[in-house]
Amino acid sequence: MTNPLNLFDRPNSYIGKTVPRPDARRLLEGRGRFVDDIQLPRMGHAAFLRSPHAHARIVSIDVAAARAHPGVIAVFTGAEMAQHVEPYVGVLTHLAGLRSAPQHPIAVDIARWQGEPVAMVIADSRATAEDAAELIEVEYDELPAACDAETALDPGTPVIHPAFGNNLAWERTVDVGDVDAAFARDDVTVVERTMRFGRHTGVTLEPRAAVAEFDPSEDRLTFHYSGQAPHMMQFIFAKHLGLPEENVRVVAEDVGGSFGIKIHTYGDEVATAAAAKVLRRPVKFVADRAESFMTDIHARDHVVEGRMAVTADGGIAALAFDDLTGIGPFSMYPRTSAIEANQVLNLTGAPYVVPNYRATARVVFQNKNMMCQYRAVGHPIAMAICDGLLEDAAAAIGMDPVAIRRRNLMRDDGYPCASASGMKLADLSHHKAMDRLVELMDYDRLRAENAALRAQGIHRGIGFCSMVEVTNPSPMFYGVGGAPIASQDGATLRLDAGGGLQVASSVTEQGQGTNAILAQIAAGVFGVPIERVRVKTGDTETVPYGGGTWASRGAGIGGEAMLQAALALKSQVLDVAAVILQARPDDLDIRDGSVTDANGTPRMTLSDLARTVYYRGNELPSDLTPELIATRHYRVTDFPFVFTNGAMAAHVEVDPDTGFVRVLDFWAVEDCGRVINPQLVDEQIRGGVVQGIGGALYEECLYSPEGQLLNTTMADYLVPMAGEMPDIHVAHVETPTRTSVLGAKGAGEAGTGGAPAAVMNAVNDALRPLGTSIWQMPMTPERILKALGRV
Amino acid sequence: MTQTRTITLTVNGDSVTRTVPVRMNLADFLRAELGLTGTHVGCEHGVCGACTLHVDDAPVRSCLMLAVQADGASVTTVEGLADSGRGAALRAAFTARNALQCGYCTPGMLASALDYIDTGGSADRAAIREHLSGNYCRCTGYQAIVDAVCDVIEGRVTA
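Residue numbers (our numbering), protein chains in the order written: chain A, 1 to 791; chain B, 1 to 159.
This is chain A alone, in the form it adopts within the complex:
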């Protein structure tokens, strides 16, 4: 009954089936519970005055008129707020040498990016707070700014943190094999490209939002949070506001998209919590869209000089690159802004056998908004470097892009093994995924069709990406470096008197369907109809301790904890049932809400059992101590990460007269191990691909040379809309991970990680016969026309 081998083909298993999400109806009927929906008695509304300069000394700040404005509750300058908040520094010990300066929630003395908070106003409405903020007079002494990452380390560039001597935050080199000798061989072809990856951002439709409540009689902070990691924030508020950790409750109910944006420590949110504590009343802050663009973390911003050497038969002889990335004036707290560059070094080339590999990363400070982890951290850069150079090399030696992949991809039967950078890899299926992709897209027919259309002046291209995705991270990701970020997660199941289950999990829901898959696992493994499961996530007071949902860990780690807890509760319930029914536990099962005998004949309902235990304990032997609640925790132990793999292809049409790129079709074959809910996985892939297409073609945070963000509205910053997007064809290979009984790996970031490389390769496939190629994202019409020499 509890044999794991039988878990997935049990008659009432929900694992592997598409079932609707329990949250859907609520959200469709306007009954969501988002942070801005919260109205509390005596609640003040916060607005922030933000620096208009990229780098400026705050000479003086006069808040008298703002304080006197009717309806204003309080005004805080940076210095005033600093009295209530311990500064924070975004470094981790396992990223040796990473440095950053102490950060305050509101700038003290110097503002270091346009948009950094300079003063906070709390009033009886947001509108009043904004009115009063306009009355604050700040005298700035504008300082020379270091905005361009590519010149950040030049001797003449202003140093943002003078104590450091230069703008270098971190650097790392990986050097494996003999790269120089491989490039010097006379039997290899070498391709070399400079690739640029623009800054973009998450554009969650629900902006960052916070409601902080403080009860001085209990010294207790409740923080309603639109985010992904409640327990991490519990630690951060406790530490930096000087509260006992158990007195801080962080609640995340409905979250209107996050994608990594809402997993960091933002000064305006910390100030909101501190203001509630100081003022002893609730305070709400909701970022408006301009604030979102200026202060939500940005992502990417890499310049890469890459080289690849291939032999005449297409074998990769060597891969080398230098990566430079600009992270803003501080490393973000607590996850740091060096993780993306680290990921680029770890992941580039990981799908392939790369005998000689050298990569360097330099992470530099600059006077722009901070850069940090956003969906598919590092993956789009890593995949574009290797797969971009690989298709470039294939073209140089006249080899088909699929053939060159088959020549170099790691063998499906060769695991476990390690990538060139030393990443431990297991249970992957690159060749199977590529075979399935080629079949799915009818590759040969498509090639022939493109060739025929080319003759008619229609320029279409096909591009691929073979990828890996980091999922299910172990403590080696953050915890090892001292971050307050749990890698283990817990699940609790409680059988209630009515025969239903209350389950709680420390992973969180931001729309991907976490609550649904937790319900599926609990219902299927324990044995009740899924309608009888209520799922609670996102509340540090009521769920087990854990990390939350990020790095594609919700299903793989949270799901396994739920499976183990369900098995434990089942065993506990069957022990009780065996006594009541005078049977052996091994001869009983739980199906469809009843205890049954081994062949499924019902013996008693779970409600009868629970009511006996809870109400009529007198009917039970006195030495029986029933426990109808079980908690289990799970962490990945043998591997730093559980990698997944995928193969993707894009089909695009480039208009050489306008520079416009149309994505005609997109295919993704993903191996995320055991699929718990096929529809939810497919939708994660599709949504992820569209975010990847956004980064490849449209999205960029544009700064002036002086560090002014030029596009702070959704009319100026382009995101993918329905009209531009193709239908996306998704298929799966299922290679369960052996690190867990459930066998699930993550799926949330694959699309975003792989799509940019596939789209770039497709555009270059279309451009190559026109004698050019493009290596800068987003691939805007203007950049394509420039590549074509038309402007």
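Everything labelled a hint here was simulated from the structure, so no lab data went into it.
It is possible that some hints are incorrect.
Heads up, incomplete: computed chain B residues facing chain A, CB under 10 angstroms, no partners named [claimed, not checked]:
hint	residue
1	ALA73
2	THR77
3	THR106
4	SER133
5	ARG138
6	GLN143
All C-beta atoms, glycine included, are put in the ideal place defined by N, C-alpha and C.
Fit chain B to the given chain A structure using the hints.
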């Protein structure tokens, strides 16, 4: 800036009279004054479509309309749709297709999609995509939403 005016309008079938600041937009009025938090605000300048709802049966960006402009009008929010049963087939199709993830764009997406369906829009995927191109969704990639609209138009899902 604190000038006010008294307005009377119908919201989800109920007559409502309130004195409001003249600068307050309709979305903020519905959310803050009436507690109808199903209407979501995403960009506050008419681009993202999250706040789309029906005013006198026409789709309107409620962030671009002042509350005082709705004086005398009939407003239907996502809560009103649910209570009246209008759009039940579309909600069923959204559920079946998982055409929503975080749910933040959903009220506006439903309003725009219902407008398309109720004005006789065809099950042409490109036309549906074009019609919905004023509604931003960061989660789904749109395909499931298009599928759901097609399901309703072609009668595969009924209320």
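Hint-by-hint comparison with the structure:
no.	hint	in the structure
1	ALA73	violated, 19 angstroms
2	THR77	holds, 7 angstroms
3	THR106	holds, 6 angstroms
4	SER133	holds, 4 angstroms
5	ARG138	holds, 5 angstroms
6	GLN143	holds, 5 angstroms
Of the numbered hints stated above, the single one contradicted by the structure is hint 1.
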